[in-house]
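Colleague: Below, each chain spelled out in residue letters.
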Amino acid sequence: MRPDRIFRGLFVLYLLAFVLYLFAPLLIMGVAAFNTSRFPTVIPWQGTTLDWFSAMWADAAMWQALWTSAIVAVLVVLVALPVGTAAALVLTTLHARARSFAYAVMVSPLLTPGVVIGISTLILWRQAGVGGGIALIVVAQTTFIICYVMLMVMARLQRFDRTQEEAALGLGASKLMVFRRILLPFLRPALLASGGLAILQSVENYNTTLFVRGFETPLTVFIATKVRTGLTPAVNALALVIIAATVIGAVAYEVARRRQVTRQPRS
Amino acid sequence: MRDLYARFGGGLATIFLTLVLIWLAAMVLAPNLMMIDYALRPNLPPLQQGGPQDVRSLDNFLYLANEGVHRAIFLKTIWASALVAALTLVVCYPVAFWMAQRATPGQLSIALMLVIIPFFINEVLRTLAWFILLAYRGPLNAVLQGIGLIDAPVRWQGNGGVLAGMVYAYILFMLLPIYNAIESLDKSQLEAARDLGAGTIRTHRRVVIPHAKAGIATGCVFTFMLAAGSYVAPALLGSPGSRWFTEIIYNWFFEGGDWNRGAAYALTLLVLCLAVVLVTLRVFRVNLTDVAK
Numbered sequence: 001m002r003p004d005r006i007f008r009g010l011f012v013l014y015l016l017a018f019v020l021y022l023f024a025p026l027l028i029m030g031v032a033a034f035n036t037s038r039f040p041t042v043i044p045w046q047g048t049t050l051d052w053f054s055a056m057w058a059d060a061a062m063w064q065a066l067w068t069s070a071i072v073a074v075l076v077v078l079v080a081l082p083v084g085t086a087a088a089l090v091l092t093t094l095h096a097r098a099r100s101f102a103y104a105v106m107v108s109p110l111l112t113p114g115v116v117i118g119i120s121t122l123i124l125w126r127q128a129g130v131g132g133g134i135a136l137i138v139v140a141q142t143t144f145i146i147c148y149v150m151l152m153v154m155a156r157l158q159r160f161d162r163t164q165e166e167a168a169l170g171l172g173a174s175k176l177m178v179f180r181r182i183l184l185p186f187l188r189p190a191l192l193a194s195g196g197l198a199i200l201q202s203v204e205n206y207n208t209t210l211f212v213r214g215f216e217t218p219l220t221v222f223i224a225t226k227v228r229t230g231l232t233p234a235v236n237a238l239a240l241v242i243i244a245a246t247v248i249g250a251v252a253y254e255v256a257r258r259r260q261v262t263r264q265p266r267s
Numbered sequence: 001m002r003d004l005y006a007r008f009g010g011g012l013a014t015i016f017l018t019l020v021l022i023w024l025a026a027m028v029l030a031p032n033l034m035m036i037d038y039a040l041r042p043n044l045p046p047l048q049q050g051g052p053q054d055v056r057s058l059d060n061f062l063y064l065a066n067e068g069v070h071r072a073i074f075l076k077t078i079w080a081s082a083l084v085a086a087l088t089l090v091v092c093y094p095v096a097f098w099m100a101q102r103a104t105p106g107q108l109s110i111a112l113m114l115v116i117i118p119f120f121i122n123e124v125l126r127t128l129a130w131f132i133l134l135a136y137r138g139p140l141n142a143v144l145q146g147i148g149l150i151d152a153p154v155r156w157q158g159n160g161g162v163l164a165g166m167v168y169a170y171i172l173f174m175l176l177p178i179y180n181a182i183e184s185l186d187k188s189q190l191e192a193a194r195d196l197g198a199g200t201i202r203t204h205r206r207v208v209i210p211h212a213k214a215g216i217a218t219g220c221v222f223t224f225m226l227a228a229g230s231y232v233a234p235a236l237l238g239s240p241g242s243r244w245f246t247e248i249i250y251n252w253f254f255e256g257g258d259w260n261r262g263a264a265y266a267l268t269l270l271v272l273c274l275a276v277v278l279v280t281l282r283v284f285r286v287n288l289t290d291v292a293k
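Sequence order for the protein chains is A and B. Residue numbers for the first sequence follow the UniProt record's numbering, so the first one is 1 and each next one is one higher. Residue numbers for the second sequence follow the UniProt record's numbering, so the first one is 1 and each next one is one higher.
Derived from the structure by calculation, the hints contain no laboratory data. Just so you know, even glycine gets a beta-carbon here, dropped at the ideal spot from N, CA and C. No false leads were slipped in.
Label pairs and their in silico Cβ distance ranges:
no., chain 1, residue 1, chain 2, residue 2, range
1, B, P42, A, Y14, 50 to 60 Å
2, A, R126, B, P94, 44 to 54 Å
3, B, P105, A, L184, 33 to 43 Å
4, A, R97, B, V271, 24 to 34 Å
5, B, I22, A, T229, 37 to 47 Å
6, A, A135, B, R202, 53 to 63 Å
7, B, S109, A, R188, 18 to 28 Å
8, A, L184, B, L47, 49 to 59 Å
9, B, Q48, A, H95, 46 to 56 Å
10, A, R180, B, L29, 24 to 34 Å
Could you build the full structure based on these sequences and the hints that come with them?
Modeller: The following block contains the structure:
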């Protein structure tokens, strides 16, 4: 065999190992949800059961955690979408010099470690007598989620044709109407996408949330606490449900996006 | 600013500006300033706050510098985060190169999907997956014992576990920037290198890596930053002997009850991360605008 082919063979092996590395942990976690064993594992297999799913379903604390995460996510979207969009619009109308400075300031939360955002928010609001809780979780999370919204809206804005606005103004539309009827509809895909991303970021956040949660227990905190205090495959069952929901959501989003792309090929 | 008003009219422009200013002032600027203030003040009972002892000093930072255990953990967090970045780079580079230059369009879209799916999944869940995999009586030990590589189960939890979990968690942040960078490399350059007699390693060292420098720097910087600021992986995959700096910070807030020292520690972490990011970007001449993509 030529060394070239050996090298190629080794490389294919490497790629396979990489895929295995990506998915084996998730697969094991998912499969362990069906094992009777009290500690989540796949070896030894003690019997197949769906009991852990009902155990998870019957866990009131889990529902409470899910509820907390859902409320936080909704509030985060409600705050982050308008502010992020406003930031993108303000930034794109600034002149070059001011723009690069403002840009650096506005993406700085993305360069700040999550724990630091949580800590600084906690410290500031203690001065005002506000302790950790849902409100602070929302404030701390939106601080950096706004950045994501801003970046996605800006990316879309770059492809916006300003002559549309001018045409509408020329036809007698007010500036408010131009914004509502032309710019907003144009931004819709970016807003939907960043809304989805905001929910994902909010629900999955742990580092920031941990510091500002007060006595609340959002989903990630619930899971992490379970791991340390008494992990049963019920947590795996929950993980599997969350993974299924995320993957279905992501696929549905991708399908919708592709359909839209084929429907209006030029935009 | 004038453009904003000209484009959207007074009402809308004012709303936009107000929202942005509230965000920047109340959520970005003020918390950080307050954290700095906290870090400089001593931890006093409420009655003595504002009293003669409440003077600003660098004591909280000096405490970190002089307390042997904390200083060691801080330094360990730095080099371990650098190690995470280096390992992630080694794992990702070949895959990124393959995706950018060798894969057919069909293979590429499958590869992108395979790489992205795990990262839609919660970081806590991904860490939980590693927790289960690495458990003392878990699958990894069982498999390794089964094929006779080890005689007794290995306690993976600790430094090794944290490292494995972190590399796994940040693959995408390394892979995508490098992939983007290598993708823009013209195939003819690779062919030219080959025709001129360069071997695989030489081609990478002299052609691909210099071209992908910015992407590699971006990936490394982000991985380092995420690793240094991570709390989940060390908390779930670590052991008492492998504490991370973020865990020390957490303890000051919720166990030690000294928020001032905690603030000083958090500030140290922030300055470290920003310094690493800015210096690396400057050295590799990467623009901040390109990074955030």
